[in-house]
Amino acid sequence: MPAIVEIRDLQKTYDSGFTALKSIDLDIREGEILALLGPNGAGKTTLISAICGIVRQTAGHVTVGGHDTIAQYRGARRLIGLVPQEINLEPFEKVMNTVRFSRGLFGRPRDDAHIEKVLRQLSLWDKRDAKVIELSGGMKRRVLIAKALSHEPRVLFLDEPTAGVDVELRRDMWETVRKLQADGVTIILTTHYIEEAEAIADRIGIIAQGEILLVEKKAELMRRLGAKQMVIELQHPTERIPEQLAGYDLTLGKDGGSLVYTYDTQGERTGITKLLSDISAAGLQLRDVQTRQSSLEDIFTDIVRKDS
Amino acid sequence: MNLEAVRAIYVFEMARTFRTLLQSIVSPVLSTSLYFVVFGAAIGSRIDEVEGISYGAFIVPGLIMLSVLVQSVSNASFGIYFPKFIGTIYELLSAPASFLEITAGYVLAAATKSLMIGLIILGTAFFFVDLQIAHPVWMITFLVLTCLSFSLFGFIIGIWAQNFEQLQLVPLLVVTPLVFLGGSFYSITMLPPVWQTVTLFNPVVYLVSGFRWSFFGMSDVALGWSLAAIVLFTALCIGVIWWIFRTGYRIRG
Ligand SMILES: Nc1ncnc2c1ncn2[C@@H]1O[C@H](COP(=O)(O)OP(=O)(O)OP(=O)(O)O)[C@@H](O)[C@H]1O
Ligand SMILES: [Mg+2]
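Heads up: the sequence lines are chains A and B, in that order.
Those letters in the first sequence? Residues 1 to 308, per full-length UniProt numbering, in order.
Those letters in the second sequence? Residues 1 to 253, per full-length UniProt numbering, in order.
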């Protein structure tokens, strides 16, 4: 798949002197759903804002659909829809008017049929004549999405689309995102939740402290996230892993007092029962068994440590 | 050119104006009527004529200018301050629209509103005084140019302002005094010579003078100066706005 967004050495230092983006390199492929996962203050919003023209980049280049976001901003921005993290809407404006406004602002001629389609898709058609102030929080967020979709963007940025949204609506939102993908829209969304990334993304990027730590296919990352370890403490230390157990992903623990077994919780079978009986068969006696799972945090610290 | 963007902003802003039409129009009309009663009737009865024109008629152009200037600055400054304040400016910044297009949308809407108010006040004036307009085309030209240039100025104030106090400060502390001291209610030839010279540094003098000329065919300063002043002021404002968008001053982080 060709890249529709290319980010090269993108840096952002705010006027306060704080560097929010260190040097971002990232290719976003046409038609994919990319989830940017990262803790508060990681730079997710700054990254999106720099691409969309809301903050000025300090260095580097971004192209969208081959258009440089600064030199050819019109071409680039026409392709982009942005749903900001904050709910920024004119309170006294009618839903229909504010969505129509967005379409015009992006240079598209008035097309009420398209706007009707978008509003229906987001279950807002009944509310088209309501003022924004009369809507619930979840509805307002959908109005923001409707505004972003009003001009038929090819690339959609969703900055924490499901923050403060209930479970049911969250599923609706994912459904909407999938439909958009089916229409060929490339989607970049930010989130704090692994489950969310897991539910809809094709690829997941992890960002922390202004750096992209890794970008991987979801399946790949989930395998790493899903990896679990079982620590088997032995009654008597052993010097090496017995021959019979060579088929398992085992390492010898401290002083040979334990065996550490790494397995995939998402795999069809974990092989634990068989391993335990094979261990007895090999003549080792168990004292205790513990399991631990690597969390996103583990992966973060892991990657950061490897980095430095 | 993204003319759709200009149109979208204009239509959106005008819709806001029409939603609050009554309050937009009632207050300038009311305050102008009060000026007529106080200046025209009460004080005017003691001043016979200024340069051959009844005092009531003489102050009409000044009164219109007063409202138009204050309205232009406050409409345009609010128009752009509001999106900044509630955060919807993200959409303007991320749109495929140039600074000229965004400015045009907001400034044209603000200028339209103050033009409407100016014309309504003119209409109101006919109820109070006998009025003839010597050069109607010039009158409209001056009115439109004034609405545009001071809406541009207001747009700058709206971007500069970081809170509501600052937003109110300029119309209150700068525009109103300049208008009052700009010969709205008197001919500057009535002032002592020193003050006449000082007054020439007040840009509003040129506007009021030119505008009054279009009514009565007589002016404090030459017509050419009035036109030059308004063009210069407009150019200056456009220059500042161009700089604002280029540097992102107070709008782009
Ligand atoms: N206008 C600004 N001036 C100075 N620093 C800023 C500005 N905006 C953001 N920052 C800083 O940049 C860093 C990244 O902020 P950003 O909003 O991009 O994080 P984020 O990943 O979106 O976080 P969250 O998950 O909380 O939304 C933070 O440390 C923040 O304090
Ligand atoms: Mg954020």
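Treat the hints with caution; some may be incorrect.
Listed below are the simulated BS3-like cross-link pairs for lysine-lysine, each with C-alpha atoms no more than 25 Å apart in a straight line [what the hints assert, rightly or not]: (1) A:Lys218 x A:Lys228; (2) A:Lys94 x A:Lys22; (3) A:Lys217 x A:Lys179; (4) B:Lys84 x A:Lys94; (5) A:Lys228 x A:Lys254; (6) B:Lys84 x A:Lys131; (7) A:Lys117 x A:Lys94; (8) B:Lys84 x A:Lys140; (9) A:Lys140 x A:Lys127.
Listed next, the stretches of chain A that the computed footprint assigns to chain B, with coverage defined by at least 3 CB atoms under 8 Å from CB atoms of chain B [what the hints assert, rightly or not]: (10) 34-40; (11) 70-83; (12) 176-183; (13) 269-283.
It should be emphasised that the hints constitute simulated quantities derived from the structure, not laboratory data.
Since the model is a prediction, treat every value here as computed from it, not as a measurement.
C-beta: ideal position from N, C-alpha, C; glycine also.
Determine which of the earlier numbered hints do not hold for this structure and return their numbers in increasing order.
-> Numbers 2, 10, 12 and 13 - these are the hints that the structure violates, sorted from lowest upward.
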